[in-house]
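Asker: Read off the chains here:
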Amino acid sequence: GEDVEQSLFLSVREGDSSVINCTYTDSSSTYLYWYKQEPGAGLQLLTYIFSNMDMKQDQRLTVLLNKKDKHLSLRIADTQTGDSAIYFCAENPGGSYIPTFGRGTSLIVHP
Amino acid sequence: EAQVTQNPRYLITVTGKKLTVTCSQNMNHEYMSWYRQDPGLGLRQIYYSMNVEVTDKGDVPEGYKVSRKEKRNFPLILESPSPNQTSLYFCASSPQGAGANVLTFGAGSRLTVL
Chain A
1 GEDVEQSLFL SVREGDSSVI NCTYTDSSST YLYWYKQEPG AGLQLLTYIF SNMDMKQDQR
61 LTVLLNKKDK HLSLRIADTQ TGDSAIYFCA ENPGGSYIPT FGRGTSLIVH P
Chain B
112 EAQVTQNPRY LITVTGKKLT VTCSQNMNHE YMSWYRQDPG LGLRQIYYSM NVEVTDKGDV
172 PEGYKVSRKE KRNFPLILES PSPNQTSLYF CASSPQGAGA NVLTFGAGSR LTVL
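So the sequence lines, in the order shown, correspond to chains A and B. 1 is the number of the first residue of the first sequence in my numbering; add one for each residue after it. 112 is the number of the first residue of the second sequence in my numbering; add one for each residue after it.
In case anyone wonders, no lab produced these hints; they're calculated from the structure. Here the structure is a predicted model, which is why all the values come from computation and not from measurement. Don't be surprised by glycine CBs; every beta carbon is placed ideally from N, CA and C. Warning: the hint list may mix true and false statements.
[Unchecked claim] Stretch by stretch, here's where chain A covers chain B in the computed footprint (C-beta under 8 Å, at least three residues): (1) 153–167; (2) 206–214.
[Said to hold, decoys possible] Label-pair distances were calculated between CB atoms; the ranges are: (3) A41/A to T126/B: 24 to 30 Å; (4) Q44/A to L152/B: 16 to 22 Å; (5) Q59/A to G210/B: 31 to 37 Å; (6) Q44/A to I188/B: 22 to 28 Å; (7) K182/B to S28/A: 25 to 31 Å; (8) I123/B to K68/A: 48 to 54 Å; (9) S28/A to L152/B: 36 to 42 Å.
[What the hints assert, rightly or not] Here are the computed lysine-lysine pairs in the DSBU-like style, where the Cα-Cα straight-line distance is at most 30 Å: (10) K70/A to K56/A; (11) K180/B to K128/B; (12) K129/B to K180/B; (13) K182/B to K36/A; (14) K36/A to K168/B; (15) K128/B to K70/A; (16) K176/B to K36/A; (17) K128/B to K168/B; (18) K182/B to K168/B; (19) K68/A to K56/A; (20) K129/B to K182/B.
I would like the entire structure built from these sequences, with the hints used as guidance.
Answerer: Written as structure tokens, this is what we have:
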């Protein structure tokens, strides 16, 4: 997981925006992913972005990709308590089928 | 429903007693993988399989074995479990192809080795 780095914790107030950041190392990654793990559950895909895109928006979620800096971010607008979870960034180095995951960012949403 | 099914979900065992965690997927995925999740360490890959009869070591394979005799099943075998294998285990699968190859994860198996 050292090739993909993310901060371990983020705490936000309900209704605010959350921004979870990730840096990766392999510039040949074709796709970059965000997975969400809710308490007591497995990971589920939240969204992904193709490497030739700068931004992808899906309702409250905005993904920004800066290929030059190898930086990926996930913005959650109007964060709700149901968004409390661990968010994992992942890349597929060299376009392989074997993703590399970050250590996960625990998002804590408080009233 | 498309899913990855792991069993057992919870298991407490003792050092040295062989155990198998089963994993089955119904999506005809070629790729399957086992991960362990530990606090502060994130997900670490144990073994993976690109297709039937093809398996490879991940980052932390010591103390584990796998087999892929059929496309849908990918069991994880702990021949002689030790306390440092106490962890939360996830099986995952994905298709192989030109697309995003999104992983589908099982619900997890929490293993405690005393």
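Asker: Hint by hint, say whether it matches the structure.
Answerer: Here is what the structure says about each hint:
Coverage of a stretch by a chain is defined here by at least three residues with a beta carbon nearer than 8 Å to that chain's beta carbons; for the segment 153–167 of chain B and chain A the count is 6, and the condition holds. Look at the segment 206–214 of chain B against chain A: 5 of its residues bring a Cβ nearer than 8 Å to a Cβ of that chain, three or more, so the hint holds. Between A41/A and T126/B the CB atoms are about 29 Å apart, so this pair conforms to the stated range of 24 to 30 Å. Here the CB-CB span from Q44/A to L152/B is close to 20 Å, well matched to the stated 16 to 22 Å.
Between Q59/A and G210/B the C-beta distance comes to about 22 Å, which lies outside the given range of 31 to 37 Å. Separation of Q44/A from I188/B is about 27 Å and conforms to the stated range, judged on CB atoms against 22 to 28 Å. Under the hint 25 to 31 Å, the C-beta atoms of K182/B and S28/A, about 29 Å apart, fit the expected range. Between I123/B and K68/A the C-beta distance comes to about 50 Å, which sits within the given range of 48 to 54 Å.
Between S28/A and L152/B the CB atoms are about 26 Å apart, so this pair departs from the stated range of 36 to 42 Å. Taking the CA atoms of K70/A and K56/A, the gap is about 16 Å. The hint holds against a cut of 30 Å. Using a Cα cut-off of 30 Å, the hinted pair K180/B and K128/B holds, with the two alpha carbons roughly 23 Å apart. For the hint linking K129/B to K180/B, the alpha-carbon distance of about 20 Å falls within 30 Å, and the restraint holds.
For the suggested pair K182/B and K36/A, the alpha carbons sit about 26 Å apart, so the restraint of at most 30 Å is met. The hinted pair formed by K36/A and K168/B meets the criterion: a straight-line CA distance of about 25 Å does not exceed 30 Å. For the proposed pair K128/B and K70/A, the alpha carbon gap of about 45 Å is over 30 Å, so the pair is violated. At most 30 Å may separate the alpha-carbon atoms for a hinted pair to count; K176/B and K36/A meet this at roughly 28 Å.
Of the supplied pair hints, the one linking K128/B and K168/B holds, its CA atoms being roughly 23 Å apart against a limit of 30 Å. At most 30 Å may separate the alpha-carbon atoms for a hinted pair to count; K182/B and K168/B meet this at roughly 18 Å. Distance restraint check for K68/A and K56/A: the Cα-Cα separation of roughly 17 Å lies within the 30 Å cut-off, and the hinted pair is therefore satisfied. The suggested pairing of K129/B with K182/B holds, with an alpha-carbon distance near 24 Å, which does not exceed 30 Å.
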